[in-house]
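Protein chains: 2
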Amino acid sequence: MDVDDLVARARDGAPRALARLITLVENASPHLREVMAALNPLAGRAQVIGLTGSPGVGKSTSTGALVTAFRKHGRRVGVLAVDPSSPFTGGALLGDRVRMQDHATDPEVFIRSMASRGHLGGLAWAAPQAIRVLDAAGCDVILVETVGVGQAEVEIASLADSTIVLVAPGMGDSIQAAKAGILEIADIFVVNKADRDGAHQTVRDLRNMIALADRGLDEWRPPIVTTVASRGEGADEVMEALDKHCAWLTGTGTLRKRRLARARDEVEAIAVTALRERMGDLHGDRRLDVLAAKVLDGECDPYSAAEELVSAVTDDGPR
Amino acid sequence: MDVDDLVARARDGAPRALARLITLVENASPHLREVMAALNPLAGRAQVIGLTGSPGVGKSTSTGALVTAFRKHGRRVGVLAVDPSSPFTGGALLGDRVRMQDHATDPEVFIRSMASRGHLGGLAWAAPQAIRVLDAAGCDVILVETVGVGQAEVEIASLADSTIVLVAPGMGDSIQAAKAGILEIADIFVVNKADRDGAHQTVRDLRNMIALADRGLDEWRPPIVTTVASRGEGADEVMEALDKHCAWLTGTGTLRKRRLARARDEVEAIAVTALRERMGDLHGDRRLDVLAAKVLDGECDPYSAAEELVSAVTDDGPR
Chain R
107 MDVDDLVARA RDGAPRALAR LITLVENASP HLREVMAALN PLAGRAQVIG LTGSPGVGKS
167 TSTGALVTAF RKHGRRVGVL AVDPSSPFTG GALLGDRVRM QDHATDPEVF IRSMASRGHL
227 GGLAWAAPQA IRVLDAAGCD VILVETVGVG QAEVEIASLA DSTIVLVAPG MGDSIQAAKA
287 GILEIADIFV VNKADRDGAH QTVRDLRNMI ALADRGLDEW RPPIVTTVAS RGEGADEVME
347 ALDKHCAWLT GTGTLRKRRL ARARDEVEAI AVTALRERMG DLHGDRRLDV LAAKVLDGEC
407 DPYSAAEELV SAVTDDGPR
Chain U
107 MDVDDLVARA RDGAPRALAR LITLVENASP HLREVMAALN PLAGRAQVIG LTGSPGVGKS
167 TSTGALVTAF RKHGRRVGVL AVDPSSPFTG GALLGDRVRM QDHATDPEVF IRSMASRGHL
227 GGLAWAAPQA IRVLDAAGCD VILVETVGVG QAEVEIASLA DSTIVLVAPG MGDSIQAAKA
287 GILEIADIFV VNKADRDGAH QTVRDLRNMI ALADRGLDEW RPPIVTTVAS RGEGADEVME
347 ALDKHCAWLT GTGTLRKRRL ARARDEVEAI AVTALRERMG DLHGDRRLDV LAAKVLDGEC
407 DPYSAAEELV SAVTDDGPR
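Protein sequences, first through last, are from chains R and U.
Here the first sequence is numbered in the working numbering, starting from 107 and rising by one per residue.
Here the second sequence is numbered in the working numbering, starting from 107 and rising by one per residue.
Bear in mind the hints are in silico, worked out from the structure with no lab data behind them.
Treat the numbers as computed from the prediction; the structure is a model and nothing was measured.
Be a bit skeptical, because a hint or two may be false.
Here are the computed lysine-lysine pairs in the BS3-like style, where the Cα-Cα straight-line distance is at most 27 Å [as the list claims (entries may be wrong)]: (1) 350/U to 178/U; (2) 400/R to 363/U; (3) 350/R to 363/R; (4) 178/R to 350/R; (5) 350/U to 363/U; (6) 363/R to 400/U.
Take these sequences, add in the hints, and give me the full structure.
Rendered as structure tokens:
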């Protein structure tokens, strides 16, 4: 593989080169190291936006509407649809991608679904590297869309400069919403399907939740934007809210703090993955399997087993 | 702390001792090692059941109904409500626990919410240890209830012998369901709120999904049980399905395979946590922060940074 050529073409924004590089990330290619070293100095200019919410709130439609809004302003857009929920079904998001066909022929829009399934390092390992690929390729905006509520959502929030949490009317009461921890990760709330019954109530519930959170005066207070993404309504307002948040991030120095935390997480995830691989491979044998069997049979407690594993890895030293 | 005394009381099933031990797990207490060494030989007898589904499907109500069913058969039950979604709001599940009040005075039922928030090792680290506490304390059945769709769901499936996926009518179409990867983790599907409109359609959708999955003849084919948990309807049928699955697991040797994988994950999670702590602490300084800043400023690529970190940890050897 000619990494230099691939990187050069990706820098020019060639969609095939971009797709190829993200496949390298998905497959944890040994070439990645070289690729990231070449791309890293070019990255850091894109605005990274996370977009999350429960199944059925209209994430893909909203992403599509946002892409249209950004394109009207001439910005080059990368979309990364991450599916961390399933370690099995890589193609699960394809159905949604159909809804993004409007942008399929626009050379300034790059859309890609990415699975982090089965991967040792998971989302924390793969997503920042895929973002770097799009960033270095000159995307002004990178939208990272993820399914679901839960740990993945929190991880997405830590990847993005700004996180949009999508909510739809009638998708569960505010207690359920609070439970999912969305308040803590949302920089902007979007109530989609705002033409439906209950939209006002949802906005009210969110407003109360935000008020109760009792943030300090210097803190960002997440705005609530209403949209009907299927008709493109409200996308401009979401973009405005994003720009305001971006200005706040920059003005307060929060942007650098968030990005430092992101780089920290990425470096740690790569290091942990390297160490985990070493644990699995150790002496080409199945030491971890043997230790697990001992724990299961009550011959060894899990801490002693883990200690044996750690000693073996660290005593070996770097290979 | 008198660990021996605490363990002895937990073995007798004393609720306070159990609660105390699970708090030690939550807080990653340094005493845990000793506790787990004492408990490990006593564990391995409980049937571990995972229960998951999107917010609003009735997880807590279903858990309550299942507890009632198990109690009718004289089984001692432990309930662990894990909230992996929020690293921030530990008390978020308290609202639900109100619905479990029926069992609050039953000494043979132990109910506990557990947060894995902010924790280095997360759910993979904490949950197996909490399960071991309940197992060693003589629980015949341990119900692990978790919120949400996503990575946490997959993790729960890997913790449990049998996983119940709860679905409710009108909570999104089958494509959305497939997207969340629930088919791969479900041993038993429960359509709750089966008295509502659309229940038949939901059952049909699930049946089609299962048929399409094209499992081999020797594979387990997840049954679909309908319930109205708020009235206790269907709980006995769920219990029957669980018993059948348990017999299948044992008969095919799958039980040991699943538990071996669980022990493997646990040992690895403890080892990785130890190594991550070492990375963070190294020389009492902020080496990872310095490396992250270099990556952010384009002075160093993330792989070189990670390599420096790994070398530092492994060269130091065990402390």
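These are the hints, each one checked on the structure:
no., hint, verdict
1, 350/U to 178/U, "holds, 18 Å"
2, 400/R to 363/U, "holds, 13 Å"
3, 350/R to 363/R, "holds, 18 Å"
4, 178/R to 350/R, "holds, 18 Å"
5, 350/U to 363/U, "holds, 18 Å"
6, 363/R to 400/U, "holds, 13 Å"
The structure is consistent with each of the numbered hints, conforming to all of them.
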